[in-house]
Amino acid sequence: MFKQSLIKAFLVRFCFTAKMAANGILSNVLRSALTVLGVAIGVASVVGLMGIGEGARLNVMEQFESLGTNVIAIKAHDENYEFQPDKAGELVQRVESLEMATPVVSTDTTMRWRRTTGEVYVLGVNHQFPEIRDHELIAGDFFTQLHVEQRSAVAVLGYSLAINLAGGRSPVGQIISLNGQSYRILGVLEEKGAGNANDIDNKVVIPYTTAQRIEEKRTVEEIWAKTASSKDAELATVQLGRIFQREIGSAPNVPLPSDGNETVEVEGPDMVMVEKPVPEPDKADIPTISRDPITVTNLNQLVDEIDQANRIMTLLLGGIATVALLVGGLGIMNIMLVAVSERTSEIGVRRALGARQTDLMTQFLLEALYVSLIGVICGIVLGIWGLNIFENYGFQTAVSFDAIKIAVVVALGSGLLFGVYPAISASSVPPVEALRRQ
Amino acid sequence: MALLELNDIHKNYLNGNVKVNALKGVSLSIEDGSFVSIMGPSGSGKSTLLNILGCLDTPSRGSYRINDQNVEKLNDAALSDLRNKFIGFVFQQFHLISGLNALENVELPLIYQGVTGKARKEKAQAALEAVGLGDRLYHRQSQLSGGEQQRVAIARAFVKNPKLILADEPTGALDSKASENIMSIFKNLNEEKKITIIQVTHEKSIAECGKIIYHLLDGEINYIEEVQAH
Chain A
1 MFKQSLIKAF
11 LVRFCFTAKM
21 AANGILSNVL
31 RSALTVLGVA
41 IGVASVVGLM
51 GIGEGARLNV
61 MEQFESLGTN
71 VIAIKAHDEN
81 YEFQPDKAGE
91 LVQRVESLEM
101 ATPVVSTDTT
111 MRWRRTTGEV
121 YVLGVNHQFP
131 EIRDHELIAG
141 DFFTQLHVEQ
151 RSAVAVLGYS
161 LAINLAGGRS
171 PVGQIISLNG
181 QSYRILGVLE
191 EKGAGNANDI
201 DNKVVIPYTT
211 AQRIEEKRTV
221 EEIWAKTASS
231 KDAELATVQL
241 GRIFQREIGS
251 APNVPLPSDG
261 NETVEVEGPD
271 MVMVEKPVPE
281 PDKADIPTIS
291 RDPITVTNLN
301 QLVDEIDQAN
311 RIMTLLLGGI
321 ATVALLVGGL
331 GIMNIMLVAV
341 SERTSEIGVR
351 RALGARQTDL
361 MTQFLLEALY
371 VSLIGVICGI
381 VLGIWGLNIF
391 ENYGFQTAVS
401 FDAIKIAVVV
411 ALGSGLLFGV
421 YPAISASSVP
431 PVEALRRQ
Chain B
1 MALLELNDIH
11 KNYLNGNVKV
21 NALKGVSLSI
31 EDGSFVSIMG
41 PSGSGKSTLL
51 NILGCLDTPS
61 RGSYRINDQN
71 VEKLNDAALS
81 DLRNKFIGFV
91 FQQFHLISGL
101 NALENVELPL
111 IYQGVTGKAR
121 KEKAQAALEA
131 VGLGDRLYHR
141 QSQLSGGEQQ
151 RVAIARAFVK
161 NPKLILADEP
171 TGALDSKASE
181 NIMSIFKNLN
191 EEKKITIIQV
201 THEKSIAECG
211 KIIYHLLDGE
221 INYIEEVQAH
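For the record, the sequence lines run as chains A and B.
Residues 1 to 438 in this note's numbering are what the first sequence lists, from first letter to last.
Residues 1 to 230 in this note's numbering are what the second sequence lists, from first letter to last.
By construction, these hints were calculated from the structure, which means they are not laboratory data.
Positions of the beta carbon are idealized from the N, C-alpha and C atoms, including for glycine.
Be aware that a few hints might be false.
[Unchecked claim] Here's a subset of chain A near chain B, in silico, CB distances under 7 Å, partners left out:
| hint | residue |
| --- | --- |
| 1 | Ala9 |
| 2 | Phe16 |
| 3 | Asn23 |
| 4 | Ser27 |
| 5 | Glu346 |
| 6 | Ala352 |
| 7 | Leu353 |
| 8 | Gly354 |
| 9 | Arg356 |
| 10 | Gln357 |
[Unchecked claim] In silico PhoX-like links for lysine-lysine, alpha-carbon gap of 25 Å or less:
| hint | chain 1 | residue 1 | chain 2 | residue 2 |
| --- | --- | --- | --- | --- |
| 11 | A | Lys19 | B | Lys123 |
| 12 | B | Lys194 | B | Lys123 |
| 13 | B | Lys121 | A | Lys19 |
[To be verified] Simulated coverage check for chain B against chain A, where a stretch passes if three residues somewhere in it have a Cβ under 8 Å from a Cβ of chain A:
| hint | region |
| --- | --- |
| 14 | 47 to 57 |
| 15 | 73 to 80 |
Please build the complete structure, drawing on both the sequences and the hints.
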């Protein structure tokens, strides 16, 4: 019974204190509203800026993911290390998780279509390319293995290129001239969007064997391989990395002490698994090249790295906005100090009537908290509204819950923090002192 | 037994750079149920004495016992509770809280006692009716005359049934008619409710409403006068 009445007494006291705090805010509506606005602007800038950053990050992510995260690109940066076209099939044999692979030759050449001439990017690949890079055709067909083996003069056009040339009519069956030779157009690829998927929309795709003829070489500079999933791709990237590390050690222009080992390695289809019996080439024998002549890249890694960078960017934006939020907090402190000095005499009367120091401290802390709480709510609404406007201008945005969390914690935290000093100063005014002042 | 006992109370404070000896060894004891007036010219220390009696200020030296407790030994919470339960204050400037109406002002001390809703309202209403303000319950400070404000303040002081009411120049800001009214309320509280009243004033006629007058001069009790007129 006694304990219950104590709790009741405490509640009565607390509710009244909470009410007095609310009265405090209402006693000067304009001033409170301005303080709330200060906090709200801080919160809105955190939510808004981080939302814009987050939107930009997602946008970049989508672009990268359109390239396919289960695709591995193996690229030679040095002519001496370029691949034989057979290498693609060989790698699929050696690395279990690779499903298929295509040699890639990229070049640019002159193109003529009826009376139009211009430069065009040409991509030479094999018949598996649409599957590897997830391309659909909207007209005609892709070239076949036979076309590749016979070095046929056939071409598939990217979407934008086809539209620009044929102006809406299907160019399938027409003839296009590349590097002075006539190619029959077999099909048109589906649109991927400007800048996406290596800008395939603006390219001409032909068999790599045919492209080698334009380039006048027997090797290819790149191999694209595909795995079943992006997780497999990460695994395969590691395996491929090991394979090429070994092979670089025995590249034609680099003398290596144990030539025998090398050939065994390349020949054996199960070599990947048998690692222990093969002595690793001595580190000292690997020529120090400033850049790896062959790089094995899985988009996942790239995406992760870029994503990381973008996240940091977003956080940075949030950090800058947090400064605005802290300034809002200072506004609270300022207004609370004014309120305390204005109400000194009231504080004295309340003390005389039996208010404890803790009552007054609670009252002023609550008052600061109310202001920051209203500020937080207004700020979130304002921020989301701002993001909507931004979105209407065509930018991608995202309401980030991280941002809201940060804003809420920092705003309420700074409200409390900056409320503490005024609250303490209110509670420590001696009652006589407070009564003496009018 | 004495309700209050002051023993050799000194109070010094700094006014700018000047050290002021407001009280220089005041000793007095006040019985339960008495009506005491304190008089003296300005600067004689009468307000300082009243603040110390009300536990609003602490003496620099000396001991003060109220209701058998040594005030020096109490912490803030205990002092606050003591002020809340035993002492009612009436000030010259009334000091009502501006955001609250008359009823809410009178409810204030009860809130700090933890009295809830209906009981609190009834008590406060009864107190206001007792000072003749039954029709002014929901008026705010700005809608009340000086005399009415002071009556609200008195209702606020006695609503909790204190042992002691301390009044600092309670009629200082009022005309003579309102002053008379206030004094009759005080007499009533003293006689009917047996509440001890201590008031500071510099008006002889007001002081004589009490039964005993302490005359202060330069921080010391100059002489004590018994009022015969009653």
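Hints, verified against the model:
1. A hinted interface residue such as A:Ala9 counts as satisfied when its beta carbon comes closer than 7 Å to some beta carbon of chain B; here the least separation is about 2 Å, so the hint holds.
2. This hint holds: A:Phe16 has a C-beta 5 Å from the nearest C-beta of chain B, less than the 7 Å allowed.
3. For A:Asn23, the interface hint holds, the least distance from its beta-carbon to any beta-carbon of chain B being 5 Å, beneath 7 Å.
4. For A:Ser27, the shortest C-beta to C-beta distance to chain B is roughly 6 Å, which falls under 7 Å, so the interface hint holds.
5. For A:Glu346, the suggested interface contact is upheld, since its CB lies about 6 Å from the closest CB of chain B, less than 7 Å.
6. Interface hint status for A:Ala352: upheld, as the beta-carbon distance to the closest one in chain B is roughly 5 Å, under 7 Å.
7. Here the hint on A:Leu353 is kept, as its CB sits about 5 Å from the closest CB of chain B, short of 7 Å.
8. Because the closest C-beta pair between A:Gly354 and chain B is about 2 Å apart, less than 7 Å, the hint holds.
9. A distance limit of 7 Å between C-beta atoms decides the matter here; for A:Arg356 the minimum to chain B is near 4 Å, and the interface restraint holds.
10. Interface restraint check for A:Gln357: the shortest CB-CB distance to chain B comes to about 5 Å, inside 7 Å, so the restraint holds.
11. With a CA separation close to 21 Å, the supplied pair A:Lys19 and B:Lys123 stays within the 25 Å bound.
12. The straight-line distance between the Cα atoms of B:Lys194 and B:Lys123 is roughly 18 Å, inside the 25 Å bound, and the hint therefore holds.
13. Distance check on the hinted pair: B:Lys121 and A:Lys19 sit about 17 Å apart at the alpha-carbon level, within 25 Å; holds.
14. Here the region 47 to 57 of chain B counts 4 residues with a CB under 8 Å from a CB of chain A, which clears the bar of 3, and the coverage holds.
15. Counting residues of the region 73 to 80 of chain B whose C-beta sits closer than 8 Å to any C-beta of chain A gives 3, which meets the bar of three, so the coverage hint holds.
The structure shown violates none of the earlier numbered hints.
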